[in-house]
Amino acid sequence: MKRARKHAPKSGKAYADFMAQAYAMEIDASERYAEFADQMEVHNNLEVAELFRKLSGIEGLHAKRILKEMGWPQMPEPVYALQWASAEPPETAPVTELHYLMQPYHALEIALRNERRAEKFLGGIARSRTAPAEVAKLAAQMAAEEREHIRLIRDWMTRVPKPDPDWSRDPDPPFLSD
Amino acid sequence: MNAPAPALVAPDFKSDYKPVWCPGCGDFSVLAAITRALAMLALRPENVAIVSGIGCSSRVPAYTTCYGFHGVHGRALAAGTGLKVARPDLTVLVAGGDGDGYSIGGNHFLHACRRNVDLTYIVMDNHVYGMTKGQPSPTTEPHWSSKLSPGGTGLREFHPLVIALASGANFIARGFSGDPNGAAKLIAEAIRHPGFSFVEILSPCVIFRPDQRSWKDAVRPAPVAPTDEAARAARRLMTDDGFNLGVLYSGRRKPYQPLTGKATQRLSDLEEEFAL
Chain X
1 MKRARKHAPK
11 SGKAYADFMA
21 QAYAMEIDAS
31 ERYAEFADQM
41 EVHNNLEVAE
51 LFRKLSGIEG
61 LHAKRILKEM
71 GWPQMPEPVY
81 ALQWASAEPP
91 ETAPVTELHY
101 LMQPYHALEI
111 ALRNERRAEK
121 FLGGIARSRT
131 APAEVAKLAA
141 QMAAEEREHI
151 RLIRDWMTRV
161 PKPDPDWSRD
171 PDPPFLSD
Chain R
1 MNAPAPALVA
11 PDFKSDYKPV
21 WCPGCGDFSV
31 LAAITRALAM
41 LALRPENVAI
51 VSGIGCSSRV
61 PAYTTCYGFH
71 GVHGRALAAG
81 TGLKVARPDL
91 TVLVAGGDGD
101 GYSIGGNHFL
111 HACRRNVDLT
121 YIVMDNHVYG
131 MTKGQPSPTT
141 EPHWSSKLSP
151 GGTGLREFHP
161 LVIALASGAN
171 FIARGFSGDP
181 NGAAKLIAEA
191 IRHPGFSFVE
201 ILSPCVIFRP
211 DQRSWKDAVR
221 PAPVAPTDEA
231 ARAARRLMTD
241 DGFNLGVLYS
251 GRRKPYQPLT
261 GKATQRLSDL
271 EEEFAL
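Chains as they are written, first to last, in the working numbering: chain X, 1 to 178; chain R, 1 to 276.
Quick caveat, the hints were computed from the structure, so don't treat them as lab data.
Hints may contain errors.
What the hints assert, rightly or not - Some residues of chain R that are not near chain X, with every Cβ distance over 12 Å (derived): (1) LYS18; (2) VAL20; (3) GLY26; (4) LEU110; (5) LYS185; (6) GLU229; (7) SER268.
What the hints assert, rightly or not - Below, simulated DSBU-like cross-link-like pairs (lysine-lysine); rule was C-alpha separation at most 30 Å, straight line: (8) R:LYS133 x X:LYS64; (9) X:LYS54 x R:LYS216; (10) R:LYS133 x R:LYS147.
To be verified - Over the 12 Å line for every Cβ pair with chain R, so calculated as not near, a few chain X residues: (11) ALA24; (12) GLY123; (13) ASP166.
Positions of the beta carbon are idealized from the N, C-alpha and C atoms, including for glycine.
Could you build all of it, start to finish, from the sequences and the hints given here?
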């Protein structure tokens, strides 16, 4: 997961734009996982909160690594103004995927979907005929890293209990009782 | 000479309070959109005030580092209007939900549109009263059946964008919480636009309206460019299905701003103004 990337030459606007996009993807994912951790803490689902916090930290490290590789002192602007094919960057989980009774397995399912989307996105750039060679090469390296993350998460999922079918059943639901 | 203050980023506008919204609530994304918009516009928290009423979404002022006023149910626009008129130097955002804004505060909504004071009204619309456990709101579909409204209310839903246009709002847009960056751009544009700017943001309530998770498949960019012609906007809005996103009207009406006298410096001055 922390293998050093074989750098393509750090030249050209296309390269910098791609790295800004990669940074945006990682930092957005990190912020979203941190928000999820906060939400779970507020609802006293501490086990899942800890897991999301860990995922946020991992994505944050990826983002920092990009800053370091590019020699950028801070986030490139404007991170939030970038255009994506979907509403949000590919590695960011939709807000509506959470449930207050969710379990670690569900959190890992979310992470798995995120990594798969990221791999697909980066793989698409790597295979693109219009991407400059240095960008395509780096995108291919990053896509390979995402495949490694997918493998790690799948492995992680084997080490946490699989939820019962009625995991979301709440004996004291939030609905108004009649 | 003092050095210019460093530019702020979105997290600088978030307070240390963790939102108590339900996990999965769309309002988290609206909060993110508001903070991103403020950062985009290079505003400072001390120059922004966020005013709200009552309801889940009305908790938003506490979750920002801006000045905030968590007011009375349905009266956020009245407080926000007063604030902007008294302090035109501030950027004033008013935020709330569909129940607070269209039912309890419905009359204030009409007249805030009509007055056209330069503020931005953000409504997080989830078509339900979430905080009080799922009663139908003015924007609830007539056939939405629940424990509290078996078989549905049978009542035609309120069309806030049409009402806003008819009442004189100067800027009308719709965003979606599933697209926080898109919503941030709309909010930034609304803040920049002079006069009363109204931004409705579809924000699912995953607890009482889990069906709204499907909104992400229903929303789409409006297939038309923004217009400054009210008549054209009206024709578009009359056939709008509630899922067209973007700026739907951008008018050119001059904002209302009364001439103010000297600023009140002391409490005794203020008391004197109200003395009978």
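*Between LYS54 of chain X and LYS216 of chain R, is the straight-line Cα distance small enough, at 30 Å or below?*
28 Å, holds
*Closest CB-CB distance from ALA24 of chain X to chain R, is it above 12 Å?*
10 Å, violated
*Please settle this one: ASP166 of chain X was flagged as non-interface, so is its CB more than 12 Å from every CB on chain R?*
Holds, since 16 Å exceeds 12 Å.
_If we take the beta carbon of LEU110 of chain R, is the closest beta carbon in chain X still more than 12 Å away?_
30 Å, holds
_Tell me if the straight-line CA distance from LYS133 of chain R to LYS147 of chain R falls inside 30 Å._
10 Å, holds
*asked:* Just want to verify: GLY123 of chain X was marked as not at the interface with chain R; is every Cβ pair farther apart than 12 Å?
replied: 23 Å, holds
*SER268 of chain R: least C-beta distance to chain X exceeds 12 Å?*
Since the minimum Cβ distance to chain X is about 44 Å, SER268 of chain R lies beyond 12 Å and the statement holds.
*asked:* According to the definition I'm using, a residue is off the interface if its beta carbon is farther than 12 Å from all beta carbons of the partner; does LYS18 of chain R meet that for chain X?
replied: At roughly 5 Å from the nearest Cβ of chain X, LYS18 of chain R sits no farther out than 12 Å, so the non-interface label is violated.
*asked:* Between the alpha carbons of LYS133 of chain R and LYS64 of chain X, is the straight-line distance 30 Å or under?
replied: 43 Å, violated
*asked:* If I take the minimum Cβ distance from GLU229 of chain R to any residue of chain X, is it greater than 12 Å?
replied: At roughly 28 Å from the nearest Cβ of chain X, GLU229 of chain R sits farther out than 12 Å, so the non-interface label holds.
_Beyond 12 Å from each Cβ of chain X, as asserted for LYS185 of chain R_ = 7 Å, violated
*Should the label of GLY26 of chain R as a non-interface residue stand, given a Cβ cut-off of 12 Å to chain X?*
6 Å, violated
When the structure is compared with the earlier hints, violations turn up for hints 1, 2, 3, 5, 8 and 11 and for no others.
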